[in-house]
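*Asks:* Sequence:
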Amino acid sequence: MQKKVQGKFSPGDFRLKVKRSSAGLGLYAEEAIPKGKCIIEYTGRVISKEEEYKSRSKYLFEINKDKTIDGTTRRNTARYINHSCRPNAEVEIRKGRVFILARRAIKEGEELSYDYGKEYIDEHIKPYGCRCIKCKPSLHVLLKKSA
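When we follow the numbering used here, the leftmost residue of the sequence shown carries the number 307, and every step to the right adds one.
Worth flagging that the hints you see were computed from the coordinates, not collected in a lab.
Think of the CB as a built atom: it goes at the ideal place given N, C-alpha and C, for glycine as much as any other residue.
Some clues are possibly wrong.
Each computed BS3-like pair below joins lysine-lysine, with the alpha-carbon atoms no more than 30 Å apart [stated by the list, open to error]:
no.	residue 1	residue 2
1	Lys-325	Lys-341
2	Lys-413	Lys-343
3	Lys-401	Lys-341
4	Lys-343	Lys-325
5	Lys-325	Lys-413
6	Lys-371	Lys-401
Listed next, with one range per pair, are the computed distances between beta-carbon atoms [unchecked claim]:
no.	residue 1	residue 2	range
7	Lys-360	Arg-392	32 to 38 Å
8	Arg-326	Ile-369	26 to 32 Å
9	Glu-398	Glu-358	19 to 25 Å
10	Cys-391	Gly-415	16 to 22 Å
11	Lys-323	Tyr-359	29 to 35 Å
Let's have the full structure, built from the sequences with the hints guiding it.
*Replies:* Take a look at the structure:
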């Protein structure tokens, strides 16, 4: 049984909702979340590097050079947090556990995001194009260019 991590790393009881986003599905705040608060823990089965290489899961979170969390389980709603080049959340790894904290104040209705890191971006995002708000042009910019 895992010990509950106290203080800054105790996930808050924030209301969150999975719904459609520009990247497929995303996790949204259903209430305001103050800067610095722990929003949610990324959970799942801890697997070895060997298991990671064999896995077909797209919800893998590397803890260190030897261990990875397979966040495939549907109970892990943190798996729906998408990448952003201008994120509103950040990751902290403590004692083999992954916590998502508010990097800034997050508004009600805002999609949660964090930076997945250079290696992931180079391998999985760049070939298809980043769809985060910072990189994806807004509709008014596209209309302006076509005029």
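*Asks:* Would you mind marking each hint as holding or not holding in the structure?
*Replies:* Cross-check of the supplied hints:
About 23 Å separates the Cα atoms of Lys-325 and Lys-341, which keeps this hinted pair within 30 Å; it holds. As the CA atoms of Lys-413 and Lys-343 are separated by approximately 13 Å, the hinted pair is consistent with the 30 Å bound. Under the criterion of a C-alpha separation no larger than 30 Å, the hint pairing Lys-401 with Lys-341 is consistent with the structure, at around 23 Å. A hinted pair counts as satisfied when its Cα atoms are at most 30 Å apart, and Lys-343 with Lys-325 qualifies at roughly 22 Å.
Between Lys-325 and Lys-413 the CA atoms are separated by roughly 16 Å; this keeps the pair inside 30 Å, and the hint holds. The straight-line distance between the Cα atoms of Lys-371 and Lys-401 is roughly 14 Å, inside the 30 Å bound, and the hint therefore holds. Taken as a hint, the range 32 to 38 Å holds for the pair Lys-360 and Arg-392, whose Cβ atoms sit roughly 34 Å apart. A beta carbon spacing of about 30 Å between Arg-326 and Ile-369 agrees with the range 26 to 32 Å that was offered as a hint.
For the pair Glu-398 and Glu-358, the beta carbons lie near 21 Å from each other, so the given range of 19 to 25 Å is met. Range check, Cys-391 to Gly-415: about 21 Å between beta-carbon atoms, so the 16 to 22 Å window is met. Roughly 33 Å separates the CB atoms of Lys-323 and Tyr-359, a value that falls within the hinted 29 to 35 Å.
No hint from the list above goes unmet by this structure.
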